[in-house]
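Chains as they are written, first to last, in this note's numbering: chain A, 1 to 271; chain B, 1 to 301; chain C, 1 to 363.
Since the hints were made in silico from the structure, they are not lab data.
Be aware that a few hints might be false.
[What the hints assert, rightly or not] Now the stretches of chain A that chain B is said to cover, found in silico as 3 or more residues with beta-carbon under 8 angstroms: (1) 74–80; (2) 102–108; (3) 143–153.
[Unchecked claim] The calculated SDA-like cross-link candidates involving lysine to any residue, where the alpha carbons are at most 20 angstroms apart (straight line), are: (4) A:K95 / B:W214; (5) B:K107 / A:L11; (6) C:K103 / C:D121; (7) A:K235 / A:K95; (8) A:K95 / B:F23; (9) B:K199 / B:W214; (10) A:K95 / C:L72; (11) A:K235 / B:I145; (12) A:K95 / B:A198; (13) C:K19 / C:G60; (14) A:K95 / B:Q136; (15) A:K95 / C:L54; (16) C:K103 / A:R177; (17) A:K95 / B:K199; (18) A:K235 / B:G244; (19) B:K199 / A:A179; (20) C:K19 / C:R59; (21) C:K103 / A:A179; (22) A:K95 / C:Q315; (23) A:K95 / B:L21; (24) A:K235 / B:M147; (25) A:K95 / C:D121; (26) C:K172 / C:R153; (27) A:K95 / A:A179; (28) A:K95 / C:K313; (29) B:K107 / A:A179; (30) C:K172 / C:Q315; (31) A:K95 / B:L28; (32) B:K107 / A:E59; (33) B:K107 / B:E193; (34) C:K19 / A:A179; (35) C:K103 / A:P6; (36) A:K235 / B:E193; (37) B:K199 / A:R99; (38) B:K107 / B:N189; (39) C:K19 / C:N65; (40) C:K19 / C:G66.
Note that beta-carbon positions come from the ideal geometry of N, C-alpha and C, so glycine has one too.
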Amino acid sequence: MAAVNPGERLLIVGQSVMLLLLYIFLYFPIFYVVYLSFMENNVWPFPPEFTLDHYALLESMSDFHEGLINSTLIGLGTGALSALFACLAVVGLLKYRSRFRAALIVLYMSPLFVAHILIGISTLMFNRGVLDMPGNIPSTILANTTYGVAFAFLVILAQLLRYDWRLDEAAMVFGARPARTFWEVTLPNTWPALLGAFLVSFILAFNNLDISFYNLGAIPTLPTIAWGTLRHGVKPELYALASIVNALVFLILITLYFLLRTGLVKLGHRD
Amino acid sequence: MSQVEAVRTSPLGRLWMNRNLRFACLTLPGAIFILLFLVAPLMSIVVFSFWRTESYNLIAEWNLDNYRVLLSDPTYLTFLWRSTVMAVAVSLISLVYAYPVAYLIAKHGGRYRLILVLLTAAPFLTGIILRVTAIQHILGPIGLINMALTTFGMEPVEVLMYSNVASAIGLVYLWAPFMVLAIYLSLLNFNFELLEVAKVCGARPWRAFVEVTWPLNWMGTAIGIVLVFVPTLASSVTPRFLGGVDGALYGTILAHQFGATGTWALGSAMGVILFALSLIVILGIWRAVNLRRSGFTGEEA
Amino acid sequence: MTEAVLQLDDIVKSFGATKAVDRVSIDVGRDEFFSLLGPSGSGKTTLLRIIAGLETPDRGRVLINGEDVTRLPPYARRLGMVFQDFLLFPHRTVAENVAFPLKMQGVSPAVLKQQLEWALDLVHLTGLEERFPHQLSGGQKQRVALARGLVSRPSVLLLDEPLANLDRELRKEMEIEVRRFQIDLGIPFIYVTHNQEEALTMSDRMAVMNRGVLEQVGPKLELYERPRTGFVAAFVGSANRLHGEIRGIDGAVARIDWGGNELLGATPSGAGVGDRVDYFIKSERIAIVPAEGAGNAEGHTRLAARLRDVIFKGQYADYIVTLPSGSELVVSGPPALDGLTPRSDVVLHWPAEAADVFAAEAP
Numbered sequence: 001m002a003a004v005n006p007g008e009r010l011l012i013v014g015q016s017v018m019l020l021l022l023y024i025f026l027y028f029p030i031f032y033v034v035y036l037s038f039m040e041n042n043v044w045p046f047p048p049e050f051t052l053d054h055y056a057l058l059e060s061m062s063d064f065h066e067g068l069i070n071s072t073l074i075g076l077g078t079g080a081l082s083a084l085f086a087c088l089a090v091v092g093l094l095k096y097r098s099r100f101r102a103a104l105i106v107l108y109m110s111p112l113f114v115a116h117i118l119i120g121i122s123t124l125m126f127n128r129g130v131l132d133m134p135g136n137i138p139s140t141i142l143a144n145t146t147y148g149v150a151f152a153f154l155v156i157l158a159q160l161l162r163y164d165w166r167l168d169e170a171a172m173v174f175g176a177r178p179a180r181t182f183w184e185v186t187l188p189n190t191w192p193a194l195l196g197a198f199l200v201s202f203i204l205a206f207n208n209l210d211i212s213f214y215n216l217g218a219i220p221t222l223p224t225i226a227w228g229t230l231r232h233g234v235k236p237e238l239y240a241l242a243s244i245v246n247a248l249v250f251l252i253l254i255t256l257y258f259l260l261r262t263g264l265v266k267l268g269h270r271d
Numbered sequence: 001m002s003q004v005e006a007v008r009t010s011p012l013g014r015l016w017m018n019r020n021l022r023f024a025c026l027t028l029p030g031a032i033f034i035l036l037f038l039v040a041p042l043m044s045i046v047v048f049s050f051w052r053t054e055s056y057n058l059i060a061e062w063n064l065d066n067y068r069v070l071l072s073d074p075t076y077l078t079f080l081w082r083s084t085v086m087a088v089a090v091s092l093i094s095l096v097y098a099y100p101v102a103y104l105i106a107k108h109g110g111r112y113r114l115i116l117v118l119l120t121a122a123p124f125l126t127g128i129i130l131r132v133t134a135i136q137h138i139l140g141p142i143g144l145i146n147m148a149l150t151t152f153g154m155e156p157v158e159v160l161m162y163s164n165v166a167s168a169i170g171l172v173y174l175w176a177p178f179m180v181l182a183i184y185l186s187l188l189n190f191n192f193e194l195l196e197v198a199k200v201c202g203a204r205p206w207r208a209f210v211e212v213t214w215p216l217n218w219m220g221t222a223i224g225i226v227l228v229f230v231p232t233l234a235s236s237v238t239p240r241f242l243g244g245v246d247g248a249l250y251g252t253i254l255a256h257q258f259g260a261t262g263t264w265a266l267g268s269a270m271g272v273i274l275f276a277l278s279l280i281v282i283l284g285i286w287r288a289v290n291l292r293r294s295g296f297t298g299e300e301a
Numbered sequence: 001m002t003e004a005v006l007q008l009d010d011i012v013k014s015f016g017a018t019k020a021v022d023r024v025s026i027d028v029g030r031d032e033f034f035s036l037l038g039p040s041g042s043g044k045t046t047l048l049r050i051i052a053g054l055e056t057p058d059r060g061r062v063l064i065n066g067e068d069v070t071r072l073p074p075y076a077r078r079l080g081m082v083f084q085d086f087l088l089f090p091h092r093t094v095a096e097n098v099a100f101p102l103k104m105q106g107v108s109p110a111v112l113k114q115q116l117e118w119a120l121d122l123v124h125l126t127g128l129e130e131r132f133p134h135q136l137s138g139g140q141k142q143r144v145a146l147a148r149g150l151v152s153r154p155s156v157l158l159l160d161e162p163l164a165n166l167d168r169e170l171r172k173e174m175e176i177e178v179r180r181f182q183i184d185l186g187i188p189f190i191y192v193t194h195n196q197e198e199a200l201t202m203s204d205r206m207a208v209m210n211r212g213v214l215e216q217v218g219p220k221l222e223l224y225e226r227p228r229t230g231f232v233a234a235f236v237g238s239a240n241r242l243h244g245e246i247r248g249i250d251g252a253v254a255r256i257d258w259g260g261n262e263l264l265g266a267t268p269s270g271a272g273v274g275d276r277v278d279y280f281i282k283s284e285r286i287a288i289v290p291a292e293g294a295g296n297a298e299g300h301t302r303l304a305a306r307l308r309d310v311i312f313k314g315q316y317a318d319y320i321v322t323l324p325s326g327s328e329l330v331v332s333g334p335p336a337l338d339g340l341t342p343r344s345d346v347v348l349h350w351p352a353e354a355a356d357v358f359a360a361e362a363p
């Protein structure tokens, strides 16, 4: 890279400050909420008075366990479906030439450009009116998958673009049929991408409000419980809930990061 | 040669050897799914928008009442206008802030690039309610900022809570990372050495940016703008909790139709208008991208 | 030649508007080391991929041992292949890589073990079974790729510029080894390369391709000594390439004017006085003697020149000469010939039959 002159150095400093401020802006509220969840006084928690009461209260809430289970189910279902559809699609798009490629890519990315609330209300009315499906967890999974598959698609595409597809050709010359090739060669070299896609879709569905809310009605999920609590004014158990969810999400993200890192370093990538 | 014969004579085997069929089997399941569960529902609300609601049921009587109400009643138009203004403002703020940040990460991030950009995106995954809660507790009248001010003997700042400013801050908080991500991805493929060329040709930094960086990354920027604009336009939760009494936006009213009032037909019409507006913006930006002939990247093919 | 193991019958393949392979027909017999030689873009790799089944030709047939396999997918053809970038499976050990074709065929564990040992022994890799590709040197990776290609005893082995990524010395070694494998195993090797020296070293028969067209196919000496087109003459062996115009024809011999010099060569069929020709004379066919005392051989092209440089190549030397007209020629001959020092005057001569003359291609 070219040498850095003083003018550019100033620019870098300025941009770094902006980046730092952005991180603070993004993360401070999160950490503050975690802090609050352990504090007696929620309004002005200084000096700190440590307590676990809020967590206990959360635990005792009748809906909490049910919401947790439901959210997890929705997340798992969405994650699995999204990763599956996206994986098949990316493999197909990258391995074979077709004049429909561009159109299909646009189709798979289109959910990113539709507002959640539109997806929520439209699937609600469509399922109720046309498909005669009641609002329940499976229908919520289906609605969330439309959004999740777009994200999964991007994650898998980003990684598989770097895969050397000639390895698949080699396997085929040596007698492996397409499915066998995928199992023996492609998958072992690209599984971090698939798992990453699953995790991202899982998290998005787990935390989703606008899509799930309309399709579930009275069935509780963690976001809808949070929504309900928020409507009646902020309660401290909400902070406990937020902290738990955030911890879960970041745990998953750290896993995801290390998966991506190993995917970058080893196995089957073109230089 | 038994394997050879087996592949050749079995009709299913012969079918499977067709590359087009394999391509279809791989790409169609997801595509059909999206068509069925995204496109079809969206089209259905277009249909429903022309119907009526009576005692919480949709009656299939075709009429234009919903649209008449929406387009003539000034309240609805005001909300739509407010939402549009908010979306434009949030998009602009996000753009101005995201560009330098994405630029820094892409150009100078080195091997920390991935983690830096993921850190900006990570909070997005914690879910809308929790993020709004967090913001609320910082900006609110008894939130951190105001409490800190009062503790130190100063006046609380009113505009920070239950106002459009608060909504705007909240929306930027929610969606700006998308803009960072989109611009970052575009800049990854950008050949920064082109700026050296511009410098040698006599261009000052700002000029080089306008003439070289911006046009060549316009596609990524456009995608980022759309990714921020569309959800902001439709936002319902954020303005509800941060915007205060006067802060309701179009999305909030839309959500209302599916809540207590149960006026689904009207809600459908609102949804259609929202979707139409989003489409117009997307198409407008798409046209702008094509017209600009951004040359996609600065790299050799 | 024994009965053909591989037959390509009038193969045509286009990508969009470009014809990558234009009506190519080739037969390869059981004991042959067959090279597909040509510059990049000549279609040789495409042809190899068609044989492997990775591409389907638009027209024409591929027959292996008499069976039409044109429409057959690669995994049904039971071929072996060695790839340019080795393409070893990075997540598998050496043993697993080499055993892969056998595993796909579903042979019994006993047979697999036996074949695996045989293949590893053949390429001298016994002892490295548990290593991973990224732990191997370039030469070792090459051997693994070879072993993997041979382990299932295929009817044909395809090789796509397998030595291109090796350094020079290693390449020279491997050339001999690969050739030895082919002779020992007795199966045909189809070897794609752009390096004509390599092809000449290893092959029995060769085909030269240019822009999808098969220029000439035959035993390698035939391509070397009697090229049938200007392209083959230029590509195979190192020849001086000259352009001239026919001044006169004496039966089978034409007198060609080249920048004021007279060249003698066999008259190309259908050529007449005034036609432009491409004239090729191989470096080693030019005799070079000091100017004084040089005789005058009948029927020989005779040129006076000045020796500009002598490049010593070990067993022979390249003599760079300059002609009065300014053009340069390269002459190969024994090193340290008497009387040949730089800046001395020399005479070059060669018989008319030594040159290859073709009608000039349109400019």
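If you check each hint against the structure, which ones fail? Failing hints, ascending: 1, 4, 7, 12, 14, 17, 19, 22, 25, 26, 28, 29, 32, 34, 35, 36, 37, 39 and 40.
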